[in-house]
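In the order they appear, the protein sequences are chains A and B. Here the first sequence is numbered in my numbering, starting from 252 and rising by one per residue. Here the second sequence is numbered in my numbering, starting from 29 and rising by one per residue.
Don't take each hint at face value.
[Claimed, not checked] In silico DSS-like links for lysine-lysine, alpha-carbon gap of 25 Å or less:
id	chain 1	residue 1	chain 2	residue 2
1	A	Lys258	B	Lys283
2	A	Lys289	B	Lys283
3	A	Lys258	A	Lys452
4	A	Lys338	B	Lys283
None of these hints come from the bench; they were simulated from the model.
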Amino acid sequence: MNSFALKAENLSFTYPRPPQPLFWLMGGKARSVTALDKVSFSMERGEKVSLMGRNGAGKTTLLKIAMGLLSTANSGIAIFGMSPLHKNSRRMIGFSQSDERSFYFRMTVRENLQFFGGIWGMDAPSLRSRISGISEKLSVSEFLDEPFAQLSSGMKQRVSIARSLLHDPPLLLLDEPTRSLDVVAQEELRTLLGSGVFENKTVLLATHKFEEAVRLSGRCVVLNRGRLVLDGAPPASESALVELLGKEEP
Amino acid sequence: MSFLIPLSAIFRRDLRLAVSYRLEFVMRTFSALFSVVLWYYLSIFLKPGEDIIGGKDYFTYVVIGMALLGYINLMLYTFSQKIRQDQMVGTLEFIVASPTSPALLLFSSTIWEMVMESLHLSIYLMIALVFGAAFKVGAIFPLAVVFALTLMSFGSLGIIAASFLIVFKRGEPVTPFIAAFFALLGNIFFPAKILPPALKTLSMFMPLPYSVDAVRKLLTAGAGWQEVLPEISALLVFCLFLVPAAILSLNLSLKLARRYGLLSMY
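Take these sequences, add in the hints, and give me the full structure.
The structure is reproduced here in structure tokens:
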């Protein structure tokens, strides 16, 4: 049995410039952009790691490769020893992002969760009990029959986390879950992240927020311009992190 | 069976979203009524030569063509519309990241639309009967086979159009062009035999004339297997080419989307 939940080995990804005439038709980027450059790190089962870096450092690209939404010729990343494109590896991953625009706004919270649980292959009885259990833990029970559009941003983020936990995946990828939240909602969500909700889960949390990263785990992976600049204990302070990120040559 | 779980999840999603837009159903019912009335009076006004359309009345001729065209348009547009909807709503990445196969996801997204189109077709044909359309239904099983082959052919073309949408983001200008082209050459409003020779020849390489001819034979002339065997054979040949082409184009477009990071773009 593979002991690594996630293992990246010399992981590189360049958003390529499509060949002509495909480029002309697609109207793609004018030049190729390297998002990840030979990144190597691994996560043991049950480990919690913060993924930090500036905007455009490659954090979201890394998460999307892990989810099988982006691919390279040589993937360089394995999820429980499998390719991210493998059907079974997708069952092992739960994903939550800060963009609330990934739900059907005209459907209720429950209907949204039923839909996503359904395409993850969950049958109605297990979905019912799972929705009830998770919504209880995340304090969204009373909003289950509300239209998604009517929820506050903080509540939408909780629902997004509930969706990531629906199929009980052992690996969670969280992409800046507190980005668009007010300070109170941020604090509530951080408390939630530190609670037992993610017990026994491997969590990779992409964040810009130093305090959040430190609170989640004692291990931090820092990317700068696609390169790994730190893998270990978080920097001593936010200014130390700023210094670390500022040091990298452009 | 496990494939039924995502299929029913997608059906229920489409049902819920459709119910939240009730006006659309009412408007489509009214448009069926207006369409039948329009073709009824046009058939009286124009009185096309009955020898051109094989001795049948033009009203019945065009009503059947229009009914089939509804399904054709459904198969051509639905896949692209659903992908576009999920691109705009922002759910496409989550759906693609699920363990359900893209082909099953796409196929499931047509089920609700098929049910609705069938409901509208029934209303459409009932209104046409009231206005005097002369149906003489033949064998049902060949009708089901023709129908299934027609949906497979045009569903494949719809998936090819959706594949373009995934990569190029705007497939809409292409699909209406194809739909209009089919309407022109597809024996819907008039038989292709009155067209110039070049267009007449071109129409032989499209599935629509074979579908429409077979359905007309089965619904107005009481035909059976023997009479529609040539059309069924032609449709089978189209399916043999189009179904693998659709699977290939879908896989290729997803591969390109993953390589170039196109799934979140719209």
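Pair hint A:Lys289 and B:Lys283, alpha-carbon separation not exceeding 25 Å: Measuring from Cα to Cα gives roughly 22 Å; hence the hint holds.
Given hint B:Lys283 paired with A:Lys258 - CA-CA distance at most 25 Å: holds, 23 Å
Proposed proximity, A:Lys452 with A:Lys258 (alpha carbon, max 25 Å): holds, 16 Å
Restraint status (C-alpha distance of A:Lys338 to B:Lys283 at most 25 Å): Status holds; Cα separation ~15 Å.
The structure agrees with every numbered hint stated previously.
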